Amino acid sequence: MSHTRLYRHGVLEAEGFPVADVSDHVSDPACAIWFDLCAPSPADLAVISEELGLHKLAIEDVLHDRQRPKLDVYDSHLFLTVYGEQFDSGTGQLTSTEINVFITRNALVTVRENDRFDIQEVIRRWDASRDLAKHGVSFLLHGLLDVVVDGHFEIIQALDDQIEALEGELFDEQPSRELQRHTFALRKSLVQFRRGVLPMREVINSLMRRDLHVVEAAMAPYYQDVYDHVLRVAEWTDSLRDLVSNIRETHLSQQGYRLNAIMKKLTSWAAIIAVPTMITGFYGQNVPYPGSEQPIGFWTSAIVIVTASVGLYVAFRKRDWL
Amino acid sequence: MSHTRLYRHGVLEAEGFPVADVSDHVSDPACAIWFDLCAPSPADLAVISEELGLHKLAIEDVLHDRQRPKLDVYDSHLFLTVYGEQFDSGTGQLTSTEINVFITRNALVTVRENDRFDIQEVIRRWDASRDLAKHGVSFLLHGLLDVVVDGHFEIIQALDDQIEALEGELFDEQPSRELQRHTFALRKSLVQFRRGVLPMREVINSLMRRDLHVVEAAMAPYYQDVYDHVLRVAEWTDSLRDLVSNIRETHLSQQGYRLNAIMKKLTSWAAIIAVPTMITGFYGQNVPYPGSEQPIGFWTSAIVIVTASVGLYVAFRKRDWL
Amino acid sequence: MSHTRLYRHGVLEAEGFPVADVSDHVSDPACAIWFDLCAPSPADLAVISEELGLHKLAIEDVLHDRQRPKLDVYDSHLFLTVYGEQFDSGTGQLTSTEINVFITRNALVTVRENDRFDIQEVIRRWDASRDLAKHGVSFLLHGLLDVVVDGHFEIIQALDDQIEALEGELFDEQPSRELQRHTFALRKSLVQFRRGVLPMREVINSLMRRDLHVVEAAMAPYYQDVYDHVLRVAEWTDSLRDLVSNIRETHLSQQGYRLNAIMKKLTSWAAIIAVPTMITGFYGQNVPYPGSEQPIGFWTSAIVIVTASVGLYVAFRKRDWL
Amino acid sequence: MSHTRLYRHGVLEAEGFPVADVSDHVSDPACAIWFDLCAPSPADLAVISEELGLHKLAIEDVLHDRQRPKLDVYDSHLFLTVYGEQFDSGTGQLTSTEINVFITRNALVTVRENDRFDIQEVIRRWDASRDLAKHGVSFLLHGLLDVVVDGHFEIIQALDDQIEALEGELFDEQPSRELQRHTFALRKSLVQFRRGVLPMREVINSLMRRDLHVVEAAMAPYYQDVYDHVLRVAEWTDSLRDLVSNIRETHLSQQGYRLNAIMKKLTSWAAIIAVPTMITGFYGQNVPYPGSEQPIGFWTSAIVIVTASVGLYVAFRKRDWL
Amino acid sequence: MSHTRLYRHGVLEAEGFPVADVSDHVSDPACAIWFDLCAPSPADLAVISEELGLHKLAIEDVLHDRQRPKLDVYDSHLFLTVYGEQFDSGTGQLTSTEINVFITRNALVTVRENDRFDIQEVIRRWDASRDLAKHGVSFLLHGLLDVVVDGHFEIIQALDDQIEALEGELFDEQPSRELQRHTFALRKSLVQFRRGVLPMREVINSLMRRDLHVVEAAMAPYYQDVYDHVLRVAEWTDSLRDLVSNIRETHLSQQGYRLNAIMKKLTSWAAIIAVPTMITGFYGQNVPYPGSEQPIGFWTSAIVIVTASVGLYVAFRKRDWL
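Residue numbers (this note's numbering), protein chains in the order written: chain A, 187 to 508; chain B, 187 to 508; chain C, 187 to 508; chain D, 187 to 508; chain E, 187 to 508.
If you're looking for bench data, these hints aren't it; they were derived computationally from the structure.
Incorrect hints may appear among the rest.
Copies of one chain are not kept apart here, so a pair can be met inside one copy or by any two copies together.
[Said to hold, decoys possible] Each computed DSS-like pair below joins lysine-lysine, with the alpha-carbon atoms no more than 27 Å apart:
| # | residue 1 | residue 2 |
| --- | --- | --- |
| 1 | Lys242 | Lys320 |
| 2 | Lys451 | Lys504 |
| 3 | Lys242 | Lys256 |
| 4 | Lys504 | Lys450 |
Remember, it's a predicted structure, so these values are computed and weren't measured experimentally.
Please work from the sequences and hints to get the whole structure.
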């Protein structure tokens, strides 16, 4: 299903009309048009491309998915690729949805790879700030970017929460293997997320360049605001990397600690069991040792065993090995 | 509770008056006005915003907390976000208080998220350097930034002290699990602190740019001084990261050392116990071995056991395994 | 075998003619000529060099293989070195093929080290976009670079797949030594790949510089497209480094986990076996202990043994050591 | 004790005169004056400040110690902070001495935190190159910086020697705990040293900027020389970090090696002792096994024990476990 | 022994004449003179310095060895320091030879610290490209730099070969301690090599700057060629660091793997020996257990022992612990 909208002089005039009806308005500078295509066929793209005079290369890029936000400048239009991100807290898996955007002087075309990105939220945001609609494409594009970047914020918040949860597990007495799996999945998601988010800084920055004439002066603070958010997401991502390293390295150091603790216990108990065994071995010899076959032998043996065991136990306790 | 101050020609004329009284002076270039709002409601902000003509986006930013110092430039005013930091040495926890600042030509509005940041200290500092008060907003802003950055210095000093304390524990004979917890908490606080402090360099640097006309020429050295402090905090933070790594890695290496020492002890004692056990086993066989059922058997056994045990003990001692 | 092509006014006029025939067209601005030499002898190069007036140093560089993409600017021509990469998924080995390119105003000479790089693919791509052929050398060079960079994409995709496969192995119950070998080989290939790919950014960027007059205006978007791909490959390579680190470090942490698990099992079973041994030792002494030589002794012994063993087993189970 | 010197037209005219006598010459462009204050009281500083018209902020900075080389530019003078470093090879401890320098057109004021920095060496160096004295303050400042930076060179040399010594210990058969302590102390000193040395690059570079008019043209090569030294110290410091990492990581890897060696020995000897114990256990059963109570039993037992022990010993030797 | 050469109008006119004869030609712009001094005394340097008017500071730098390539610009001449490197594959040791170069308008003076750097190779290279000799000092300097940088290439190739050799050892069944020593030595050599090689980029780049007038236009591609080589050496050095890390970390991970394997074997065999010991202990009790003193006892015992041992062996095999 495709969405369409037509603004004239900042007022929403039509909505949901077929793409073909667009040709009348596309050259009217008072209009701002938006089309949205979801998982379009090459044929669909060809229609749009024809209508708006889009560059062959940009169309090709829509059909290939190569995972990096970018802004390409063509003579008659811009071509923007951004990524909407979704995070599944259960599995720790991150999925990206490519959104390709064609920006002409008075049209914005969004091409979504699939319907995982919530385009309704973009529409809601446009409707919430109707007073800015007079800024045309500049306004439409801002609404889209705002939703995308806010989405990134939500992800980074979710990742941060997961890290908090891992921290909770970290000092549990019982080391769980799950901790490793979670840390692994989290780091992987962070790497993926960085790839989709870091180049956004450059993309938004380029968009704001005067000579592209995309951003109208009155919209500049709004784009600056988006840019600030992008910067924060980037910095936060870096912080999370540090925090995950912190968890991972502390975990390693805890394993070392636990190993040492286990080894000390093992040594201690081994000694406490081995010493009586040695003594009974002595009293089990078939030679006439002092006390052999006599009650005094039993009492000596019993006393030595008990004394040695208790002595060792106390000694180990004192050294905190038990 | 909100604070207000009115300076005219560098002299404190009024204090503690209601925000509404401000409108008379807000357009008088001889005046410098300061309001402080602590955890204001949206309504409070709306009043101020109206009075001073603040941008909608800046007001929205006050209401969202997104943890990154920044400076936004709007047509009629600047919007600054900085963070006051508090550190609890006991728990090793760092808490940040967002301070939003609106800077117009002759008014400074500070909006604190909560009352953890000590605004009285700012007032004291203003009163301590009355001679600079004639520089208006430029003077007021300096006082605020000076207190914020001095606060960062105190935190970094406290973190440094904690690291010194960790170093003390590091070479203790008894490895304590607390060392891991402390190192973990410290690293986490450092990551958080960096996030609130590093962008300050850029923020202060931007403030000092000539074309913003915020900093009057005579105040320039004072801002330079704040900037120097910010640089030192940033460099010191990086040093602390290195020092914490040093502790962490030395700790790991110590665990390895201890494990080796334990293993050597374990091996040695195991041998010293197992050899006599083996010998008594021999003398416990129900076969006519030389000396079985005869005193000579007992003496041979006893001598072999003692010789072997002492010999092993001496040998291990020499190799420094015991 | 060498390939040749002659375009006049953007139309393919001749193909497969001998290199010597070229001199007639080499100074005709309406022509665009391509020669391809595979593993040429110094004599072959001397002929070409004479024909096109190539610099001695560039010719020398063809004969030495020093593994770094670069662009050298000479007065009358450019000298470009790029690398075609092949990856063998089985052995995890990466092999590079050096491709040297001389670029004059209307001739492109490609010199391949060996025939591992698929030059037919370049020809296919040229034929697929005949409409651009009028842009001469600029068009020819684009076709070549496009194939080279697409090759890099395939490699990085293959490396990514290998990493996915490693991840699968990572949480297998049975730690396999192969995981280490694979991780090792993969990291090595990544280092090698980076060396051949990262300088490509600079090379393509230099090619696009206006003052070199290599790229005709109409071809600019196509070179921009190649440049974007190069950037993505570079960023993706960095992501893969991170992912491999993730695997490597998780693997290390798993070894620690397994070691701890083994040690706990060892300790537990050692105790469960050692305690009955100690008891039977007691009942094997040749002294009149209570119950010696009497059925009650057997029963006591048996009950103590079973009780102790079962008790220990249950205790260890509870603490999750078994 | 304070030092003073007065040069007129490049000739040393007076020395050791009281600070108060200075006012006569301070405005004479033919003079170059030097004062040195060691650990001055605020009152002492006030006198100097008055005399030379120094900025309040610079004076405050003298009284606070915040550990970072820097250069502040005031209208009438410069304020420079550098650090003299001392290294105690015994304890591995590094101590820094802050040296504050005020630079006016014809006066140089050095303020030392304490007398650990050898000011006599600076005087010696001035006297050794009298021919340059005509360059006034530019000459005086160079002498000071030269001594400071040469001091840094000595420290880095001393640190390098310590690293060499550590390397010697590294492959000792007997792992010493001291190695850890030394590595720890060395890394800590390196971190501290970096903090005092790295910003020197920027400081010297700023001093050499034309528009400050500090460095006379004829002195430029001398400052360039100091700058080169600073660069080398910085690079050397980074190399040392790498070398210390090398030691630390090799040490860790050696611990792993030793642990494996110990474990193999432990396993081998445990087996060699446990097998005979098992055999004697068999022959100690109170059941009529073949050879029980008969000489043949003893001989069988003895032969089996010796064969098993020797066989195991030989087998372990072959596999290099013993 | 010192070398000298005199070129006039690009033709070698004299060779091996005494340094003192030089004064006649030193001001003749048609001449290009080369002197070489090996380990000169301060007196030797004074002569040269007088003759050519060299700066005192540059002369001092010759006498101090501070290990960093650099280019100093003086009014009448340039002063260049580069390092010739030698690598001993046997010991893995790297030794550097400082080469100081004075460059005036028509003289090149090379001062070698010792005779380890092969100056004959430089002479050979000059003689091999006589046609360029007309470019005077520019030509002479290129010959020298070319030999120095080619030397670096050989070292990096040798280091690369050593790394290949280490890789071979890495997956050997028998972990050898030598691997650690080699890795350690290799990393140390790499650190040292970097220090001598990385600043070369900046040095060569500065030499090529137009305003120094060192490099004649016709020689520019030759210097560019040297510069490319320097860049490749630098990048290769970085790759080698990565490869050594790869080896080091894989080695660590292998130690962990081996430790786990040893522990599992230890556990398995300990169990297989301990269980029969426990059973014979049972049958060695001096109590009337079922079968005591009867053949049935022996058979039961024998069967239980064999069954338990074989059962355990099979079980451990299945779990791949043996």
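Verification of the hints:
1. Within a single copy, Lys242 and Lys320 get their C-alpha atoms only as close as 31 Å, which misses the 27 Å cut-off; across copies the closest is 17 Å, which meets it.
2. Within a single copy, Lys451 and Lys504 get their C-alpha atoms as close as 13 Å, and across copies as close as 17 Å, so both meet the 27 Å cut-off.
3. In this assembly of identical chains, Lys242 and Lys256 lie within 27 Å of each other by CA distance solely inside one copy; the values are 17 Å within and 30 Å between copies.
4. Proximity of Lys504 and Lys450 under a CA criterion of 27 Å is satisfied in both settings, with 13 Å inside one chain copy and 20 Å between copies.
Comparing the model with each earlier hint shows no violations; every hint is respected.
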